[in-house]
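Based on the hints, put chain B in the right spot on chain A.
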Amino acid sequence: MAEPTTLQYTADHEWLLVDGNTAVVGITAYAADQLGDVVFVDLPDSGDEITAGSVVGEIESTKSVGELIIPVDGTVTEINQALVDAPELINSDPFGEGWLIKISFAELPTLLSYDEYSALIAD
Amino acid sequence: MTDATTDTTGTARFSPLHQQHVDAGASFTDFGGWQMPVRYSSDLAEHHAVRTAAGIFDISHMAEILVEGPAAPAFLDYALAGKISAVKLGQAKYSLLLNADGGIVDDLVVYRLGEERFLVVANAGNRFAVVPALAERASGFDVTVTDLSDQIALIAVQGPASRAILEATTGITGLGIALDELKYYWSTDAAFNGAPLLIARTGYTGEDGFELYIQTDEAAELWAALSAAGADHGLVPCGLASRDTLRLEAGMPLYGHELGTDVFPAQAGLGRVVALAKEGDFVGRAASERGPAEGARVLVGLAAEGRRAGRADYPLFASTDADAPAIGVITSGALSPTLGHPIAMAFVDPGHAELGTEIFIDVRGSRVPASVVALPFYKRDK
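Just so you know, the sequences run in chain order A and B.
So the first sequence is numbered by the working numbering: it starts at 1 and just counts up by one.
So the second sequence is numbered by the working numbering: it starts at 1 and just counts up by one.
Looking at chain B on its own, in the form it has when it is part of the complex:
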């Protein structure tokens, strides 16, 4: 599912919700060094549940890093590609950690919890790249960087019924703002059974949804309470397989597939995430201003007919001519469960990136025609 870096210790890690997944009959897969549920029942059933009702995901493998101190806003402006100092209290922002060459070390979400207090949420497989990078970049700033990943569990409830489910969940109290007033990419403090709970209206599925940060020893109770509240709303537990097809339909990049240290944000359509207009230097600024090399491949969406899907690493060609050179490669692909036809994200030579361009996917020896289409493939009705 990912070729992102794994845990440096090489030993499998388990979610604080592992026993719940075993009891629910989950199959497991290694993801970023963690044994995480890949599916409980059926990838397609879980996918459709999120599009039509709701799904609950354990994403406790994500890394949570607390950044606090008087210099926290200035430090994050320097350490990350976005203008984090402009993020309002309670707001979340999608950002990037770049290296000095302008490549992407990780994509992450930053929550502003206080004037001088931020929560940085990184990909599981990149925890051991992000934490040292932040610690190193903190030199000279009055700020502390604390890796809280082992103390925090993360549960996502995604789908059109997600708000109703949270509102019906017993034990959630002390909301700073009513959930129907909580805007997309904002968060609110709350409590669960008296323990601190952070509820964010964020997600990775293209649906309305929430992500709930809770201390690990309360995670099982919260999972159970959400599941009980969701029973009347069609909530089902969902694994990483459905999460992957959902995020692909929503055109969201996955580290190790669409993003990597050899990818400039501009190539992946994330140029807007790099705040070149912000004041002062930041890691990767000079390289970002130069931009990717002339002719560097760019990320596009592809749609095809039929049912044979191109998959990650399948090469792309401009024609069916056997001697034609490859003009790109697929980074993620699947038969879209919602749309019913094959979709893919791919890096292609810039001359083949125009919307409507016909491209041929080499699907295990046969050339399947596809068209360049706009991302995302799927957009929910709001």
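Only chain A is shown next, with the shape it has when bound in the complex:
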């Protein structure tokens, strides 16, 4: 499980664990809690080119649908296949086993720190 304080965040409730020019992307515990029980995940394919700000996937719960929006241009290098059979991993371990995709990118925009994201969801 990633340590939430060391991650970077988007205002769309995704977290990024950045290592060099790759990042693991997931949704935050707050977002998972807001969605409720996740029952279906639609992820891009490995190799897909991603444009920052576009909807690249969906996370569907019993009650609603959340969109996966990545804040950076890049290429999908891996998706979390375990989620296809067990989408509830997003609820049980959003910062770990519930990760969504890995992407490679050339340049990362400025993201939110843990403190900034915490302040955002406290509003």
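Since the hints were made in silico from the structure, they are not lab data.
One or more of the hints may lead you astray.
To be verified - Among the chain B residues that face chain A by a calculated CB cut under 7 Å, a handful are:
{"id": "1", "residue": "L44"}
{"id": "2", "residue": "T245"}
{"id": "3", "residue": "R247"}
What the hints assert, rightly or not - In silico contact screen, one side only, chain A against chain B (beta carbon under 7 Å); selected entries:
{"id": "4", "residue": "G36"}
{"id": "5", "residue": "D37"}
{"id": "6", "residue": "V39"}
{"id": "7", "residue": "F40"}
{"id": "8", "residue": "K63"}
{"id": "9", "residue": "T77"}
Please read these numbers as outputs of a predicted model, since none were measured by experiment.
Just so you know, even glycine gets a beta-carbon here, dropped at the ideal spot from N, CA and C.
Chain B in isolation, oriented as in the chain A frame:
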């Protein structure tokens, strides 16, 4: 969860059990102007608990209206779509409040508490439509209409273990009839800690279950007593999210989704609830006799494969052709937790309502095939 009308004052209202929900870690949502628990732990866990053991719901946001007086039976025959005068003492009846145009102002349950005494239970969001409508329709009848919503709390215990839980609950006494003899859609007087208690074998989940009407100042004690008795039976507190998937599986309409003032009962499969055979006039009779307009959409059940569920307001098409006109719209939809595949209720053009008809749901830009199936989707073994 609903687009039914909210409280005219615009201020959030809280259940007399609010503190119990906070203590139990509930998340809250606005429902009909009330802040009500949407879930305590997990929507799916709560849903499955009701199907396999039992769940306890706070539905104190429902509106309770007492109608009493010598003319009460005749008045309700005039004010509502059903033949309420034929309801037996202790029996409950699902009915509709129609407007003069035949549209549905609310769906409600009427309990006959006495020869001249009835309890009308309406949806929270429609309280301020139902109470004035009943008061207005009471003109000329020897009857009083009293809104008791603020004095009565309502707790539902639903699921196969619900009867055992009620029987094990300390403080419930004075049952007029043993619970194992209480039939579905009947009620009995009882007491809880000496306070009047009405226990009805009714519910909104498709399971065996009970709804308990209690004065608000006894509600927390009753909730605690039921919860304690239920601990050995797998009883869990359940929120409105699980209540919605349960009622959808059971094919039960929700006001603001399947029902509204622009919907005739016949369109929603509720034609049998309108007692056209009863004597005398009732509000909406002439319009009901004319029926909905030719070609009016009708409510159907849809089942699909896979896991992508159609949801409320998603359009329906007869083909995958991009130019095909919409032939209907989903009113409620979810991935059924019990059945494991997507289900939905939808209004469709009558030419597409036959069982087995293939229909395509536009799920956020892609067409997912579905079939028209009979309602309810889920029926418990009896």
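- Hints the structure violates: just list their numbers, smallest first. Violated hints (numbers, rising): 3 and 9; every other hint is consistent with the structure.
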